[in-house]
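Colleague: Work out the full structure, taking the sequences as your base and the hints as a guide.
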Amino acid sequence: MDLLNVIVVSALPFSELRGGIPLAVYYGFSIAEAYAAGVVGNLLPIPFLLLFLEQLRNFALRLRWISTVYLFFERRTEKRREIIDRYGYFGLLLFVAIPLPVTGAWTGSLISFLLKLNPLRAFLFITAGVLVAGVIVMATVMGLISIASFIKPGIGT
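Taking numbering that gives the first Met the number 0, I'd label the letters of the sequence shown as residues 0 to 156.
Any given hint might turn out to be false.
As a list, the in silico SDA-like pairs of lysine to any residue whose alpha-carbon atoms are at most 25 Å apart [stated by the list, open to error]: (1) 115 with 65; (2) 78 with 126; (3) 78 with 32; (4) 151 with 25; (5) 115 with 70; (6) 115 with 127; (7) 115 with 62; (8) 78 with 12; (9) 78 with 131; (10) 115 with 72; (11) 78 with 115; (12) 151 with 26; (13) 115 with 86; (14) 78 with 101; (15) 151 with 139; (16) 151 with 30.
Derived Cβ-Cβ restraints for the label pairs, each shown as a range [unchecked claim]: (17) 26 with 142: 16 to 26 Å; (18) 81 with 151: 38 to 48 Å; (19) 7 with 75: 17 to 27 Å; (20) 13 with 134: 15 to 25 Å.
It should be emphasised that the hints constitute simulated quantities derived from the structure, not laboratory data.
Small disclaimer: the values here were computed from a predicted structure and weren't measured.
Cβ atoms here follow ideal geometry from the backbone N, Cα and C, with glycine treated the same way.
Modeller: See the structure below:
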C-alpha cells in the first residue's frame, strides 16, 4: 500500500517527485526504491497527457467552471515557455528537471502541447528531465536527513 501511495503522490500535478520521493523515504524505502517509485509515478500520466491533451482541452472548454480553471493554467504555462522557445527540446528537459513549484512533467507536457512539439520527442526529453529532477530531489532529501541526524542523532536510521 505504501508503494501505491508513493506512485499516486508522484503522479499528481501539484506534488510530482517533490512529494513522492520524500514520502517514500518517510515510509522507509531505500534510496533506489524511493527514486524508482517516484520516477515511475511521475511518468505514468505523461504519455496520456501528451496523446490526449487536445481532447481534454476541447472537453474542458465546453464546461464553464472547468474552462476557467484550465484557461488559468494555460495562461500561467504560456508565461513559462521562453526557455523552450530559446533552447528547444533541451529547454524542455531543463524546465522539467528543475524541481520547483510550477515546473515538472505536467507543466512540461502542457508546454509541449501548446508549442505543438512532437509528442514522442517531448516524452523522451520530459523523461530525462524527470530523471534529473529525481536525483536533485533525492539528494536534497538525503542532505536534509543528514543534517537532521547531525542535530539529533538517530534520525534517518
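Colleague: Please work out if residue 78 and residue 32 have their alpha carbons no farther apart than 25 Å.
Modeller: violated (35 Å)
Colleague: Compare the distance between the alpha carbons of residue 78 and residue 101 with 25 Å, and conclude whether the hinted pair is satisfied.
Modeller: Status holds; Cα separation ~11 Å.
Colleague: Is residue 78 close enough to residue 126, meaning Cα to Cα at most 25 Å?
Modeller: Judged against 25 Å, a Cα distance of about 22 Å means the pair holds.
Colleague: Cβ-Cβ distance between residue 26 and residue 142: within 16 to 26 Å?
Modeller: holds (19 Å)
Colleague: Would the hint linking residue 151 and residue 139 be met if the CA-CA limit is 25 Å?
Modeller: holds (18 Å)
Colleague: Holds or violated: residue 115 with residue 62, Cα cutoff 25 Å?
Modeller: This hinted pair holds, its Cα atoms lying about 24 Å apart.
Colleague: Assess, step by step, whether the Cα of residue 151 is no farther than 25 Å from the Cα of residue 26, and give holds or violated.
Modeller: Roughly 19 Å between the alpha carbons, so the hint for residue 151 and residue 26 holds.
Colleague: Decide if the proposed pair is consistent with the structure: residue 78 and residue 131, CA atoms, cutoff 25 Å inclusive.
Modeller: holds (23 Å)
Colleague: Taking only the CA atoms, is the gap from residue 151 to residue 25 under or equal to 25 Å?
Modeller: holds (17 Å)
Colleague: Would you check the hint for residue 115 and residue 65, treating anything up to 25 Å between C-alpha atoms as holding?
Modeller: With a Cα-Cα distance of about 22 Å, the restraint between residue 115 and residue 65 holds, given a limit of 25 Å.
Colleague: Is residue 151 within 25 Å of residue 30, Cα to Cα?
Modeller: holds (21 Å)
Colleague: Check the following: the C-beta atoms of residue 13 and residue 134 are separated by a distance inside 15 to 25 Å.
Modeller: holds (21 Å)
In this structure, the one hint that does not hold is number 3.
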